[in-house]
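Enquirer: Sequence order for the protein chains is B and V. If you count by the numbering used here, then the first sequence holds residues 230 to 579, one letter each, in order. If you count by the numbering used here, then the second sequence holds residues 61 to 389, one letter each, in order.
Where hints are given, some of them may not hold.
DSS-like, lysine-lysine: derived pairs with alpha carbons at most 30 Å apart [unchecked claim]:
1. V/LYS294 x V/LYS318
2. V/LYS252 x V/LYS314
3. V/LYS99 x V/LYS166
4. B/LYS374 x V/LYS157
5. V/LYS236 x V/LYS294
6. B/LYS374 x V/LYS252
7. B/LYS374 x V/LYS89
8. V/LYS236 x V/LYS375
9. V/LYS381 x V/LYS252
10. B/LYS374 x V/LYS233
11. V/LYS89 x V/LYS360
12. V/LYS134 x V/LYS346
13. V/LYS260 x V/LYS236
14. V/LYS258 x B/LYS374
15. B/LYS374 x V/LYS134
16. V/LYS157 x V/LYS375
17. V/LYS165 x B/LYS374
18. V/LYS360 x V/LYS247
19. B/LYS374 x V/LYS99
20. V/LYS134 x V/LYS166
21. B/LYS374 x V/LYS318
No lab work stands behind these hints: they were computed from the structure.
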Amino acid sequence: MSSSRSFSIKSLLARHETVLVLVILFEVILFQVLGRNFLTGRNFSNVFRHSVEIGLLAVAMTPVILTGGIDLSVGSMMGLCAVLFGMMVNSLGMNPWLAGISAVAFGAMGGGVNALLITRLNLPPLIVTLGTFSLFRGLAEAITKGAESYSGFSPSFLALGNSNIAGLPAQIWVFFIVAAGIWFLVHRTTFGRSFRAIGYASEGARYAGIPVARNTSLAYIIAGAVAGLAAVILVARLGEARANAGIGYELLAITAVVLGGVSIFGGSGTVVGTILGWIALAILNNGLTRISDYKIMDQTVASVARELSGLLTGLLLLTALTIGASTKTLAVRHARKQSLAKPTSNPATS
Amino acid sequence: MKRKTFIVSLALLATLPFISCSKSESKSKLTIALLPKSKGNQYFVTCEKGARTAAKELGAELKFDGPINSDPAKQNEIVENWITDGVDVIVAACENKDSISTALKKAQAANIKVVTYDADAQPDARSFFVNQATAQGIGEQLMDTAASLTGGEGEFALITGTLTAANLNEWIKYIKAQQAAKYPNMKLVDIKPCDDQKDKAQQEATNLLSAYPNLKAIIGVCSPSVPGAAEAIKQAGKAGAVKLVGLGLPSENKAYVKEGVTQAVILWNVEQLGYLAVMAGAAVAKGELAPGATEFTAGKLGKMPVAGDNIVLGKPFVFTKENIDQFDF
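Chain B on its own, in the form it takes in the complex (with noise of 0.2 Å):
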């Protein structure tokens, strides 16, 4: 499709990917003139030490929002596997490696409940993981009665939220494991490009012959087990399981896709750009608390530069999204003068 159109800036330009690499390498400048010990290994490895459970959900919703889906509980689904997580270890004496295991597997079933009412009730995605959003927070806050939590892990297993493996976090190595095995099917089998035909047109897919229900199934069951795996990843960072494991967490997932340049109406997105989405985000949050205690005409602006993630992160997305937008249009159009000049070219599709 796009492999015949020769390599220029304007088309570089025109992609969303580019237009983050830029976003990301602004951050990185303007951080490291205004920060403290912004570029170094070890706040380097921080970044992603402290972001790596948003960055697995948002690869996981990347699938579910191709679709056309959104999947809202996966916040929740990670409070309520932490629990199930801690419990096993701690109240079943089960080996944690078995027991994050077995959070993964009820992350799927997880997933499979929402799929499920989606996809053979036909109920609205946004409404089923609404409820879903509810009930597992719900069911981590009754069996922990709100206010008990498990704690004491091994220190091997502490190791996987804590230690580094080869100078980075070792939980970045699951996650790159977690990414490419996602990207790899999105991209790179027909199951996975089913995603956007059933985005794109869910009806079209479904007389092309392919499985729509089975296939926004396993979207789902996919988006629910990372939840699973990123509780785990947690709890090994933190020490700590708790009800309250990864509230809000959805809504920074679901910011990253978008702000990788995923529609959220579904049909089209990439990978690479969910993973710099977030990449632009988690460096953002970390930049902004670099620049604490920074001074502006003498006055300390320690206790605004936190505050201020909510904020930017809103004009990021927002920015973000009308380049996009906007150099899109300008291509179209472009497109559009060529095509009239030369009305047997082919207008290439951005």
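Let chain B serve as the given structure and place chain V on it in line with the hints.
Expert: Then chain V, alone, in the frame of chain B:
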């Protein structure tokens, strides 16, 4: 095309860690990092005020940062950022005891001293805990204040949060002990739970007022009970006739205290808590306060006793009509 963009972006990102050139600051100043449970909470804003005073007196740099939402991972993240910054000492009020301990132990491993205040971490994750008040101190202060208002005699009742709350029961135990030891002419007639709700406290107080016409005082043991009971006394027209003492924030009770419905509000001096916490942190960082010490000098507070690994702020503070305007938490 897509792949080219991807490779270019990866290549660019990969170079990032190598361009690093961390700005090195002259490390002559002591850097103290103060972690509140939550940043917007007026209680901790007041702690910060005291902490800033202490930092100024010490000539130290103070970093104050804390979570602004309920994400339990946030405190850990902030501590890890401070480890990156290489602060000298972290002074923390812990929201989730076990999870924050993971991060605090990491700080200790990076040679950063750790002191906790307000709410403790695991004992091996910090060297000292700055305790705002002991259960005994709170219980005795409540009883003493109530007794001084009633002249040491007459019936009194308690309104507590729930009958199962461990900390409240601990305080009640010391209220009873103090009454038995020092005020034999006073009599505890009833203890009512208000489920930590102000309107329930108002109901219970109304019931108490009608059930015990000779009631001389009500002691509110949990903070919602004090304004609740005040409203009940006010509506019953018994302001001043039935004395009201309780534990709570001055700001919640200011109006009633000024009207003369509530006679005294008891709480530790929160500003001093922040001050003492920073002083203790600095002393540990400088090596002036080490395990086994029995006292240390905390600036304008003078010599503070150290019991094991606990530093107690001292007797709780009594807020009355005369002084309540000076406090804004």
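Enquirer: Does each hint hold? Answer for all of them.
Expert: Consistency of the hints with the structure:
Distance restraint check for V/LYS294 and V/LYS318: the Cα-Cα separation of roughly 13 Å lies within the 30 Å cut-off, and the hinted pair is therefore satisfied. For the hint linking V/LYS252 to V/LYS314, the alpha-carbon distance of about 24 Å falls within 30 Å, and the restraint holds. Our distance criterion of 30 Å between C-alpha atoms is met by V/LYS99 and V/LYS166, whose separation comes to about 23 Å. Between B/LYS374 and V/LYS157 the CA atoms are separated by roughly 17 Å; this keeps the pair inside 30 Å, and the hint holds.
A C-alpha spacing of about 27 Å is found between V/LYS236 and V/LYS294, which places the hinted pair at or below 30 Å, so the restraint holds. For the hint linking B/LYS374 to V/LYS252, the alpha-carbon distance of about 24 Å falls within 30 Å, and the restraint holds. Of the pairs offered as hints, the one joining B/LYS374 and V/LYS89 is violated, with about 46 Å between alpha carbons and a cut-off of 30 Å exceeded. As the CA atoms of V/LYS236 and V/LYS375 are separated by approximately 18 Å, the hinted pair is consistent with the 30 Å bound.
Restraint check for V/LYS381 and V/LYS252: satisfied, since their Cα atoms lie roughly 27 Å apart, inside the 30 Å limit. Proximity of B/LYS374 to V/LYS233 is assessed by CA-CA distance (about 27 Å); at most 30 Å being required, the pair is judged to hold. For the suggested pair V/LYS89 and V/LYS360, the alpha carbons sit about 21 Å apart, so the restraint of at most 30 Å is met. Straight-line distance between C-alpha atoms of V/LYS134 and V/LYS346 comes to about 28 Å, which keeps the hinted pair within the 30 Å bound.
Restraint check for V/LYS260 and V/LYS236: the C-alpha separation of about 24 Å stays at or below 30 Å, so the hint holds. Between V/LYS258 and B/LYS374 the CA atoms are separated by roughly 23 Å; this keeps the pair inside 30 Å, and the hint holds. With a C-alpha separation of about 23 Å, the suggested pairing of B/LYS374 with V/LYS134 holds against the 30 Å cut-off. Note on V/LYS157 and V/LYS375: the hinted pairing holds, with a Cα-Cα distance of about 25 Å set against a maximum of 30 Å.
Proximity of V/LYS165 to B/LYS374 is assessed by CA-CA distance (about 28 Å); at most 30 Å being required, the pair is judged to hold. Annotation: proposed proximity of V/LYS360 to V/LYS247 is violated, straight-line Cα distance about 40 Å (limit 30 Å). Between B/LYS374 and V/LYS99 the alpha-carbon distance is near 26 Å, which keeps this suggested pair within the 30 Å criterion. Under the criterion of a C-alpha separation no larger than 30 Å, the hint pairing V/LYS134 with V/LYS166 is consistent with the structure, at around 15 Å.
For the proposed pair B/LYS374 and V/LYS318, the alpha carbon gap of about 40 Å is over 30 Å, so the pair is violated.
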